[in-house]
Each structure stands twice: as C-alpha cells, then as structure tokens.
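Number of protein chains: 2
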Amino acid sequence: MSWVVGVDIGGTKTVAGLVSKTGEVLDSIIVPTPTHDADAIVATVVECINTIGKSHKPRAVGIGVAGLIDVTGRNVAFAPHLAFVDFPLAQRIEEQTQLSCVIENDATATAWAEYRVGAGHGVHSLLAVTVGTGLGGGVVVSDALMRGATGTAGEVGHIPWVLDGVLCACGARGCLEQYASGSALTRHAREFVASGHLDAQPLLTACDGDIDQLTGNLVTQLAVAGDHACMALIADIGTTLGSGLSAMVAVLDPAMVVVGGGVSAAGELLLQPARIALEQRLIGGAHRPVPPVMKAQCGELAAMVGAGLLAHESAI
Amino acid sequence: MSWVVGVDIGGTKTVAGLVSKTGEVLDSIIVPTPTHDADAIVATVVECINTIGKSHKPRAVGIGVAGLIDVTGRNVAFAPHLAFVDFPLAQRIEEQTQLSCVIENDATATAWAEYRVGAGHGVHSLLAVTVGTGLGGGVVVSDALMRGATGTAGEVGHIPWVLDGVLCACGARGCLEQYASGSALTRHAREFVASGHLDAQPLLTACDGDIDQLTGNLVTQLAVAGDHACMALIADIGTTLGSGLSAMVAVLDPAMVVVGGGVSAAGELLLQPARIALEQRLIGGAHRPVPPVMKAQCGELAAMVGAGLLAHESAI
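Sequence lines, in order, name chains W and G. If you count the first sequence from 1, you need to add 1 to reach this note's numbering. If you count the second sequence from 1, you need to add 1 to reach this note's numbering.
The shape of chain W in the complex, shown without the other chains (with noise of 0.2 Å):
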C-alpha cells in the first residue's frame, strides 16, 4: 500500500498523518502550530513528517495551509493566521524531507477530500466551508477543483458582510469571518458572559471563571451536551453562516454545500438554521432547487485527507 504524509496547518494546531490513494488515515497526530514564526511552523511541520514517516515510508508529502496559495503552486502568498508572507513552503519542506512536496489551501484541501472520498461522493460540484478560526471555503466545478487565475479561488471568509465591521485579521473591516467562525463564536460567548447574564452561569463555571479561557470549542462541547444559551450562540453564527452561503450559491451554484471545521462539531444545531437562512436568502429560492446542506463527513482531517489526495496525485 502506498502511502504519503498529509499535513494541515491550521491557525490553532497543525495535524499530520498517513494517507493512502483512498483517503485511509493511519498514525495521525496534532500539535499547537506556532503561528508567528514562519520557520518554526516549517520546524514543527518536518517533525511531523519524520515522526509519521516511521512505520510507513511515506512517497510525497501533500500540505494544507490556512492561507492563499501563490499562482505557481509553490509559496504561501497571504495567510491572516500565519507567519507567511510569499513563503516559498513546498521548497522548505522539500529540502528538509527529500519529499516532493504539494500545497494547497485548507479549505480547497478539504473540498477535495469532501468531493473524492466525503460527503460530495457522485456529485460533479461542491462547495466546501471550513468553520473554523477563520471561515475558508474550497470550490469543485465540473469535477476539477477550482484554482482560480491566481490560485486564490474560494476565499469566502473574506467577503465584505457588515459595512465598518469587526477588524479581521485579513485588515479589511467587517469580513464574514468575523462572523460566522470559531472566532465569532469565541468573541459572542465572551460578550455573553460579560453581560452577565444568568444563563451564562454554565458557560462561566466551564472556563473556571477566567473569560479569557472561553472557546468556541467550549461553547460548542457545551451546545452538543445540551446548555441552551450555547445553543443559542451556535444557532445565530449557524444563521449568519446560511446568509453568507446564499451569496456564496447565487455566485456559484453547487450541487451540495459541505460544512467542515471545528465548529461543524455541533452538526445540525449549526447547520439546520444555516440551512434555514439560506433557503430564505438565495435568489429565486422558491423556484430553483436549493443545494443541501452537509456536514463533512472526513471530519476534522479533511484538509489533511485532501492535500494527501492531492499529493498522490501529483506523484502518479
């Protein structure tokens, strides 16, 4: 069986692990990512390789970034969460691992592994979101993944939503992301806890008191187990989320929209009220088919399945 080695370098924690031509995962690990320090992250990402590359010799290694890949295929040319600026990554890597080495953005990664071995399975076109820190979003069309002139197709985390908005860490004001993400998700529950109101007491007792240690992670832990103030705070980004995906559909037009990232942890109490919004939003809503809704189904190693996929491909 041959196997590569599929990373994915997210703006929380970076996640490694074997990947076979049929998306199969074995010996995955997951460690923080040190996002501020370019050559540090390339230090964590090469141990990673050479600590799973152990029980499998593994022929490639495929790479996905919470950023935008450069036309070339080769640099990370932005990243919000990342210490990149035109990185040359897939040379780093290839240098310190004698790997050949592909790239590709997280959420791009992610749709491929979603439309090959997930959720989008038979479908000719998809359309991938990450909810996660940030909100990424990966496009199939025709049955190719869509790159886009410059590399930088599906950056839907970026779209302009509230005029003067939230500062994201893009530098633009007011992008989606700061508002349907885990990072919203964070920033919302804070708001809550701080207004003091009493259903907040849970959340309160969960972060030990410290409001600074409250995560969307947390809040989602606390909506799947039952707390309704959680749920509440996932239902309202999950409504926002089926805003953005109606502008998203009107452009695009997917046969299936699927949800990844931390935050699709709550499944349908995010994503019944996504789907709900976006029926209501799109265009001609009430006379064209509107594209499901689904919850990714590689999980939280989609990106990484997907740029394993993608690194297979390259080395056939």
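Simulated from the structure, these hints should not be mistaken for laboratory data. Among these hints, one or two may not hold up.
What follows is a list of derived Cβ distance ranges for each label pair [stated by the list, open to error]:
1) W/28 with G/73: 47 to 57 Å
2) G/300 with W/293: 32 to 42 Å
3) W/97 with G/122: 41 to 51 Å
4) G/300 with W/200: 52 to 62 Å
5) W/195 with G/167: 33 to 43 Å
6) W/40 with G/218: 55 to 65 Å
7) W/28 with G/92: 55 to 65 Å
8) G/211 with W/277: 39 to 49 Å
9) W/166 with G/73: 38 to 48 Å
Note that beta-carbon positions come from the ideal geometry of N, C-alpha and C, so glycine has one too.
Assemble chain G onto chain W, guided by the hints.
This is chain G only, laid out in the frame that chain W set:
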C-alpha cells in the same frame, strides 16, 4: 455567411439583431420589453425575429434573458424584472418561428461574448458583470461557461449587502443590486434632487422638473458631459460595485473583470472608483495580483452577441 438571430430580453428593453459566427452584428433593433406579460414578451421577440430575419435567413435563435434559466436550459425559472415563472421560453419561440432556440441568462451570455470576441479575448477565466436595470453576472472558468449545478450560477446582484436594506425585486432585502445598478443610480439621483441641494439643478432641468422622469441613463449622460454632482453619483455606484467585486473575486479569482450594462457607458467615471474599492477590499490585495477591471467591448449588444454565439455553437 451564416447568421443567427441574437436577442437580449432586458428589464427595460429588448434588443435583437443578426449575429455571425465571429460576433459581427447586422440590422439590430431595440424595442421596449412588455415586462409584465409573458405572452406579450414572446410576441415581441417573435416579431423582432421575423423582422430581422427578412434580410438574411437565420439558422437559429439565441436569447439572453434577465432571469434564472433552469437546469434543462429550456425554461426561465424566475426573473425579478420579467413576468416569467417556470416559463418554457425556448419551446414557445421554436413553435412560433420554426427555428431552434437556445436561451441563457443575459449576463452569462455577456460573459461569453466578452470571452469570445470582447475584452476577455485571450484570458482563460473572467467575471462579467452587467450594471443595468439590475446587476447581473456571468462567469467563465477554464475556458468554459460556468452554468452551475442548476443553471443559475453568477447571480452576483443578489448577494446580501445591507442587513434589512432596500427591498429588491427578487423578494429579499438589501441585495447588492439595490446599491450598485442603474436602479440604484436612479434612486440615488431622485433622493439627491428631492433633497433640494443646489448642485441638483442641472439634473432637475434635464428632467424638466419632473423627478419621476429622472433615470440612471440621464445621470450617466450628464456625468459624461461633466456635471460634477452626477459624476459623484456614478462614483458612489462604482465604489459600491468595487466592494461587491471584492466578494466575487475572493470567491472566483477570475483573470479579468469585465463591466457591461447601461451604466458602463459612464466608462472610467464608474470603473476607476470600482478598481480602487476592489483593490482596497480584496483579501490579500497587497500580496496577490488584483484582476484588471475592464469596460465591456461588446457594449450594450453584448448579451445579444453572446446569445447569438451560443446559438451558433449549439447549431453546429
């Protein structure tokens, strides 16, 4: 030489003419669109085809429509500005003309015209937006029209723009079309004149003191003639258009943006503010190529020409 009849059914007027395989146009005519009556629209189109077909017998008909075409490519599913709901337009035209007929969304047809014989000649992907009564969009990706899973891709005018904003003809509130179109220009101009501002005097004179006669077209004419207030009204539309383009470019990453439709007659007065806003607002704008924003070369006939080219290709 082989000719087809190209038709563009718009929210205000219908244009028709003979179109050659390479986009040459003969005998074009313009008539008002009877927007509120589907049968009357068909009768108008048939009359245009019969009139134009007298000089050269056409081999087919291609129609661009300001509406959503369904997945069969034969019916108009929904049209915000026309009385078409699940309407079998292609069949009706074929029955009454004995010519084979293809139909396509008008902005998608415009994109094809600009890609094949216009500003986008030579690029492999482009986004065409038509700034007319409404705001339409058409997309070429990898040298092919992006029709989407249900035939409705490219509906850029109906992405949510302002929460609880101006009611749109599509039924939703706050669509981008309500802030970046000829209709928006008309509304803004009327508000400006109604405000009693001294600088509105030329506008008031131009419409003979009747504010209801004020149109976006008139504003465009005065702006091109150098009226500063009208130039500012156009620039405002251009800035909003450019911000909106930043959403579409983030998602689609096209090699070029082509701007057509009636308001594009304002040329650089519209395009330059749009370019500035696009560059300012686009994700990673400083770290990636920003696509050029060009005026449509096929002008007001673009949708007609594109529909004609599609009819030629379909009739091969």
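How the hints compare with the structure:
Residue 28 of chain W and residue 73 of chain G have their C-beta atoms about 49 Å apart, which keeps the hinted 47 to 57 Å range intact. Judged by the Cβ atoms, the range 32 to 42 Å given for residue 300 of chain G and residue 293 of chain W holds: they are separated by roughly 40 Å. Roughly 44 Å separates the CB atoms of residue 97 of chain W and residue 122 of chain G, a value that falls within the hinted 41 to 51 Å. For the pair residue 300 of chain G and residue 200 of chain W, the beta carbons lie near 60 Å from each other, so the given range of 52 to 62 Å is met.
The hint said 33 to 43 Å for the Cβ distance between residue 195 of chain W and residue 167 of chain G, and at roughly 34 Å that hint holds. A C-beta distance of roughly 58 Å is found between residue 40 of chain W and residue 218 of chain G, which places it inside the suggested range of 55 to 65 Å. Distance hint for residue 28 of chain W and residue 92 of chain G: a CB-CB separation of about 59 Å, consistent with the stated range 55 to 65 Å. About 44 Å separates the C-beta atoms of residue 211 of chain G and residue 277 of chain W, a value consistent with the hinted range of 39 to 49 Å.
Taking the beta carbon of each, residue 166 of chain W and residue 73 of chain G are about 41 Å apart, inside 38 to 48 Å as hinted.
Checked against the numbered hints above, the structure breaks none of them.
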